[in-house]
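Engineer: Residue strings, one per chain:
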Amino acid sequence: MTDPAAAGGASEPKTSAGTPVGRRVFLGLLGVGAAGVLLGARIQDWLERAVGPLIAKDGTGLASLLPIGRFRIYTVTGSLPSRSHADYRLRVGGLVDQPFELTYDELVAMPATTLHRDFQCVTGWRVPDVEWKGVALGALLDRAGVQADATALRFHSFDGAYTESLTLAQARRPDVIVAYQLEGSDLSDEHGGPVRLYVAPMYGYKSCKWLDRIELTKHVEEGFWEVRGYDVDGWVGHSNGRDDAPT
Amino acid sequence: MRRPDTTPTSAATEPAVDAPLLRFDRVERTLHWVNATLFGILMLTGAALYAGPVSAIVGHRVLVRNLHVYSGLLLPLPLALAVLGRHGTRLRTDLGRLNRWTRDDARWFRRTRRDDVTLGKFNPGQKLNAAFIAGAAVVMLGTGSIMHWFQHFPLDWRTGATFVHDWFALGIWLAVLGHIFFALRDGDALDSMLGGTIPAAWARRHAPLWYEELRR
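Taken in order, these protein sequences are the chains called A and B. Heads up: the first sequence at position 213 corresponds to 213 in my numbering, and the numbers run straight through without jumps. Heads up: the second sequence at position 158 corresponds to 158 in my numbering, and the numbers run straight through without jumps.
Where hints are given, some of them may not hold.
If you anchor each label on the Cβ, the simulated ranges turn out as follows [unchecked claim]: (1) A35(A) / L177(B): 46 to 56 Å; (2) P20(A) / L194(B): 29 to 39 Å; (3) S145(B) / L54(A): 27 to 37 Å.
Chain B residues, not near chain A, derived (Cβ > 12 Å throughout) [to be verified]: (4) A19; (5) F39; (6) L44; (7) S71; (8) L74; (9) P78; (10) V83; (11) G88; (12) R97; (13) F182; (14) A183; (15) D186; (16) G187; (17) A189; (18) A201; (19) R205.
Just so you know, these hints were derived from the structure itself, not from any lab. Bear in mind that the values here come from a model prediction, so they are computed numbers and not experimental data. For every residue, glycine included, the Cβ atom is placed at its ideal position computed from N, Cα and C.
Can you build the whole structure from these sequences, using the hints too?
Structural biologist: Quick look at the structure:
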């Protein structure tokens, strides 16, 4: 490769000599960053589908450092809610014959359900093959005795702000549980512990974290995100304008 | 052979023992170490927020997140304070040097023959690192703000910002580890970021154009 002017360039001592490559790199990065913000959701989708399954199989553990196939922790309040097992109570009320309250130990003593399913967030990330353990929501409903005019459930989080909803039919599905274990460990504060809802066939926002109270209602009352535009029936792959593979 | 009465015009060919040269003034050094501290906090708290095993050990998620957010928002301040005003003269000159690439800089990257390239105060690796860190810092500030104040942005932007923030973070980790690696390999250069001066022999060898410039 010939570079006829190179010798001339080398002997120029002035600091102002040369091309402003630094500025170009700087501005180029801003462009890449802005494009990434606008297109990142789509690229993330593609990566989760194309690369996610490979990373799940990687044996070295190094690939798990990459931002693919991992949980993101979202809270809607400024703090991270936290409650000890000893202080925890799950309350079931509203349009039921027998409103009741369960301690953590009483909940764990009930017959358990274990599920292995992908976890899909409506923002694009997906965690493959997650193990959840908890109590079928239907069992809690049976215990409370749902009244005839109740058609829906409203979930309240002890973060003081988050709410969610399900229809009675959705709530009675066998893959909808009140979960207290994730991957064989107690549910951490980050993941909504000590007890959260887990609605396997729906996007993550339906799985109310830090579950405090379940209320039977006459009609579906829109939850925190649903008031802000998310679909009430958050089926993975069939809602919110997304076409993810069902979980 | 020493000729103490050498005139400045012949200095470039003079192999005599020169006084050490001021490479970074107090403003530049202070800025460097303040930024290094902020980057250290950002990278470690970022790792604690990002990597499950690290967050399990560190805990205190809210505190860690606040540290991360406020260190990030603070990041532009030291540079702004250092670069504005009369005390920033040398810093501004050096930023100009980092910005400008000569033909020799480009040739240096091709790596075929580095003996015949003549570099200025900063080598092309340092220039690229500076431009990358500057651009990445702005991108991190922007995407981090979208992540923090997500309610005010479309859902897709939050996803996109998270996506960009994650991948740029990986790039910053690599760049900073590389920067530290090269700094530890060059004791004179590292000392000059602590004490300010560097032996003239170092400048003659690694930054000949800068050396000439100072002798003129």
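Engineer: Each hint should be assessed against the structure and marked as holding or not.
Structural biologist: Against the structure, the hints:
1. A35(A) / L177(B): 46 to 56 Å: Since the Cβ atoms of A35(A) and L177(B) sit about 26 Å apart, the hinted range of 46 to 56 Å is violated.
2. P20(A) / L194(B): 29 to 39 Å: 30 Å, holds
3. S145(B) / L54(A): 27 to 37 Å: 33 Å, holds
4. A19: 20 Å, holds
5. F39: Holds, because the least Cβ-Cβ distance between F39(B) and chain A comes to about 16 Å, which exceeds 12 Å.
6. L44: Since the minimum Cβ distance to chain A is about 15 Å, L44(B) lies beyond 12 Å and the statement holds.
7. S71: Given that every Cβ of chain A is farther than 12 Å from that of S71(B), nearest at about 17 Å, it holds.
8. L74: L74(B) is indeed farther than 12 Å from all Cβ atoms of chain A, at 19 Å.
9. P78: Holds, since 18 Å exceeds 12 Å.
10. V83: 14 Å, holds
11. G88: 16 Å, holds
12. R97: 5 Å, violated
13. F182: Holds: least Cβ distance 18 Å, greater than 12 Å.
14. A183: 20 Å, holds
15. D186: 21 Å, holds
16. G187: Given a closest Cβ separation of 26 Å, the condition holds.
17. A189: Given that every Cβ of chain A is farther than 12 Å from that of A189(B), nearest at about 19 Å, it holds.
18. A201: 19 Å, holds
19. R205: With a cut-off of 12 Å, R205(B) remains clear of chain A, as the shortest Cβ separation is near 16 Å.
Of the hints listed earlier, those the structure fails to meet are numbers 1 and 12, in rising order.
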